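> Each chain, written out:
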Amino acid sequence: MFAEIFSILYQFADVFAFLILAAAGLAIIFGMMGIINMAHGEFITCGIYVTVICVQQGMPLPLAQAIGALSAGLVGIALERTIIRHLYHRPLDSILATWGISLMVTQGMLLLLGSSWRGIGTPLGSFQVGDYTFSTYRLVLFGAAIGVLAGLYLVFMRTGYGIMARATMQNAEMAQALGVRTQHMYAASFGMGAALAGLCGALYAPTMTLIPTMGITFIIESFVTVVVGGANVLLGTAPAGILLAVVRTALNAWYGQIAGQIGLLIAVIVVIRLLPEGVSGWLSRRER
Amino acid sequence: MSAEPVLDVVGLHAAYGSTPVLRGIDMHLGKGEIVSLIGRNGVGKTTTMRCLIGLVRATAGHIRLRGQAITHLPPADRARLGIGYIPQGRQVFPRMTVEENLRVSQLAGGKSDPQMMERVFAYFPILKERRRQSAGTLSGGEQQQLAIGRAMVGNPLLLLLDEPSEGIQPSIVRMICEALKSIRDQLGVTILFVEQNLDTIMEISERCYVADKGTIVAEIGRQELHTSEAVRRHLLI
Ligand SMILES: Nc1ncnc2c1ncn2[C@@H]1O[C@H](COP(=O)(O)OP(=O)(O)O)[C@@H](O)[C@H]1O
Ligand SMILES: [Mg+2]
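Here the protein sequences line up with chains R and F, keeping their order. Those letters in the first sequence? Residues 75 to 362, per this note's numbering, in order. Those letters in the second sequence? Residues 5 to 241, per this note's numbering, in order.
It is worth saying that the hints were derived from the structure and are not from the lab. Every value quoted in this text rests on a predicted model; they were computed, and no experiment measured them. A virtual CB, placed ideally from N, CA and C, is assigned to each residue, including glycine. Please note: incorrect hints may appear among the correct ones.
[Said to hold, decoys possible] So the derived list for chain R, only partly shown, Cβ under 8 Å to chain F, looks like this: (1) 77; (2) 78; (3) 79; (4) 183; (5) 187; (6) 232; (7) 240; (8) 241; (9) 244; (10) 249; (11) 251; (12) 253; (13) 281.
[As the list claims (entries may be wrong)] The calculated label-pair distances, taken between Cβ atoms and stated as ranges, are: (14) 34/F x 220/R: 23 to 29 Å; (15) 350/R x 122/F: 55 to 61 Å; (16) 320/R x 200/F: 51 to 57 Å; (17) 233/F x 167/R: 30 to 36 Å; (18) 258/R x 136/F: 37 to 43 Å; (19) 141/F x 347/R: 26 to 32 Å; (20) 196/R x 76/F: 53 to 59 Å; (21) 76/F x 157/R: 21 to 27 Å.
[What the hints assert, rightly or not] A few chain F positions that, by computed beta-carbon distances, are all more than 12 Å from chain R: (22) 66; (23) 73; (24) 98; (25) 105; (26) 171; (27) 181; (28) 207; (29) 210.
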């Protein structure tokens with residue numbers, strides 16, 4: 075009995091971690107700038123490949139993962155400075171531009187890196203509860219997801235950058251008129267969103283085989299979570315992660331993986347009907 | 005005018021798209037003056053204020069702050085040079101606490117003074133009481149005090165207020181007027197405010213610019229202001 079309960083909790087934690095880690099970067103960029111970053115998957119891919127290359131060069135995994143996340147962040151800042159910043163008041167153009175970037179990067183990587191690479195293997199082995207075997211690394215991923223949420227909370231609620239970033243999110247003109255350099259806020263937030271996408275890739279790198287289009291593996295979950303959560307990372311992404319993880323874990327357990335995937339999409343449709351601004355829009359309306 | 009010049013506006017033009025809205029605004033304010041800008045709805049008062057802080061681009065003319073040309077600087081730089089902007093409708097950050105609203109300008113301000121936060125609480129004690137409350141839940145009068153306090157935390161030499169009495173009960177308006185006068189008396193801050201309310205205009209302004217169709221059509225001096233007639237006439241043109 076205990077083993078069954080643990081198994082369900084473990085699967086919930088696994089799905090929750092995947093949703094949160096996949097969505098956090100996308101949610102920050104959308105919440106801060108209203109930009110739907112179609113190249114989100116390529117930032118994730120960047121984190122994966124940099125991590126794998128570093129490990130293959132003999133670096134310890136955690137260091138390689140940090141470098142993977144940082145490089146995605148730097149690429150993000152470079153992209154923001156050169157292209158994205160011209161598109162802040164043109165949401166449709168920004169979708170097209172980031173989508174174009176996504177296509178070019180994916181095709182470029184297919185040409186440059188070939189179609190598949192050897193993975194690096196999941197570390198930390200497994201443990202046993204009752205008759206079930208579980209991967210220890212999956213628990214690390216759950217811890218990382220909680221860590222990302224806690225870190226975002228601290229950054230946005232407790233730091234000077236966070237206060238200025240929230241002011242910019244709520245009323246960019248007014249923030250400017252008070253002296254906030256909103257372009258810096260945008261660049262920093264875009265970099266942070268890209269770095270979190272890179273971190274997602276870096277954390278999942280040891281669990282998958284590498285192909286240049288693997289960013290797609292994460293895309294459905296990340297967009298679904300952001301759509302359900304709404305524009306606010308703190309109020310939206312975490313509750314959306316819990317809600318969707320419950321739906322998916324239950325359907326996975328009863329009807330299998332395909333049902334879980336379909337259930338996720340149905341959950342989105344239901345939430346959009348009931349709460350057009352997502353969970354965070356609904357929560358902040360109730361607050362007022 | 006003998007006082008040291010703080011704000012000089014010469015021939016300011018601005019447009020929304022191809023529709024001209026400002027067609028040559030001229031104003032000169034010296035240190036420590038309290039001047040009002042009046043005129044009917046839609047003559048361009050708010051546009052003038054937004055142009056002064058830089059949220060609307062000037063298509064011609066000059067703006068100088070203490071002699072320095074700021075006409076083409078972005079809003080954040082103007083704020084850091086000492087302009088405190090209090091917009092029409094207050095525009096506090098609704099989902100942040102009172103204290104966080106104040107911290108925004110403290111963090112952003114180029115030359116912010118740690119004493120300023122306490123000073124603001126002394127001018128507007130209600131803000132200290134409500135410091136942990138989210139700004140969206142404050143009353144209109146409290147939000148107006150917060151908007152002024154927020155601008156003051158940046159330690160400005162010039163305050164721009166756009167209809168500070170709009171929608172606020174008279175006793176709070178009087179209290180805000182008193183606070184503005186002490187801000188001027190104690191800190192030498194220059195104040196330009198847009199106003200429709202005759203009582204408020206008479207209460208604190210020492211001089212008055214009258215705007216119509218995007219230009220300044222009259223200036224009412226200290227002497228004339230003693231009788232409310234001139235002001236009343238222009239408000240009702
Ligand atoms: N964002 C805008 N876009 C287009 N026209 C505007 C905009 N804001 C104001 N206007 C027009 O500019 C004129 C001046 O407006 P405003 O400066 O707000 O006047 P006031 O503050 O004196 O009432 C009005 O005719 C108004 O309709
Ligand atoms: Mg107006």
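> None of the hints should be skipped; say for each whether it holds.
Each hint tested on the structure:
At about 44 Å, the closest approach between the beta carbon of residue 77/R and any beta carbon in chain F exceeds 8 Å, and the interface hint on this residue is violated. Checking residue 78/R against chain F by beta carbon gives a least distance of about 42 Å; that is not within 8 Å, so the hint is violated. Against a cut-off of 8 Å between C-beta atoms, the interface hint on residue 79/R is violated, since the closest Cβ of chain F lies about 38 Å away. About 38 Å separates the beta-carbon of residue 183/R from the nearest beta-carbon of chain F, more than 8 Å, and the hint is not met.
Because the beta carbon of residue 187/R sits about 42 Å from the nearest beta carbon in chain F, more than 8 Å, this interface hint is broken. A distance limit of 8 Å between C-beta atoms decides the matter here; for residue 232/R the minimum to chain F is near 11 Å, and the interface restraint is violated. Checking residue 240/R against chain F: minimum C-beta separation of about 6 Å stays under 8 Å; hint holds. The beta carbon of residue 241/R comes within 5 Å of a beta carbon in chain F, closer than 8 Å, and the hint placing it at the interface holds.
This hint holds: residue 244/R has a C-beta 5 Å from the nearest C-beta of chain F, less than the 8 Å allowed. For residue 249/R, the interface hint holds, the least distance from its beta-carbon to any beta-carbon of chain F being 7 Å, beneath 8 Å. For residue 251/R, the interface hint holds, since its Cβ comes within 8 Å of a Cβ in chain F; the closest pair sits about 4 Å apart. Below 8 Å, beta-carbon pairs count as interface contacts, and residue 253/R has one with chain F at about 4 Å; its hint therefore holds.
Hint on residue 281/R is violated. Least Cβ distance to chain F is approximately 37 Å, over the 8 Å limit. The given range of 23 to 29 Å is broken by residue 34/F and residue 220/R, whose C-beta atoms sit roughly 59 Å from each other. Remark: the range hint 55 to 61 Å for residue 350/R to residue 122/F is contradicted by a beta-carbon distance near 44 Å. Checked against the hint of 51 to 57 Å, the pair residue 320/R and residue 200/F passes, with Cβ atoms roughly 55 Å apart.
With their beta carbons about 56 Å apart, residue 233/F and residue 167/R fall outside the hinted range of 30 to 36 Å. Checked against the hint of 37 to 43 Å, the C-beta distance between residue 258/R and residue 136/F comes to roughly 28 Å, which is inconsistent with it. Between residue 141/F and residue 347/R the Cβ separation comes to about 29 Å, which falls inside the hinted range of 26 to 32 Å. Take residue 196/R and residue 76/F: their Cβ atoms lie about 57 Å apart, and the range 53 to 59 Å holds.
Against the hinted window of 21 to 27 Å, the Cβ-Cβ separation of residue 76/F and residue 157/R comes to about 25 Å, which satisfies the hint. At roughly 20 Å, the least C-beta separation between residue 66/F and chain R is larger than 12 Å, which holds for a residue marked as non-interface. The non-interface label for residue 73/F is consistent with chain R: the shortest C-beta to C-beta separation is roughly 19 Å, beyond 12 Å. The claim that residue 98/F lies off the interface is violated: its Cβ sits roughly 7 Å from the closest Cβ of chain R, which falls inside the 12 Å cut-off.
Taking the minimum C-beta to C-beta distance to chain R, about 8 Å, the non-interface status of residue 105/F is violated against the 12 Å cut. Against the 12 Å criterion, residue 171/F stays outside the reach of chain R, whose nearest CB is about 18 Å from its own CB. Residue placement check: residue 181/F keeps its beta carbon more than 12 Å from all beta carbons of chain R (closest about 23 Å). With a cut of 12 Å on Cβ distances, residue 207/F stays outside the contact zone with chain R, its closest approach being about 26 Å.
No Cβ of chain R approaches the Cβ of residue 210/F within 12 Å, the least distance being about 26 Å, so the stated non-interface status holds.
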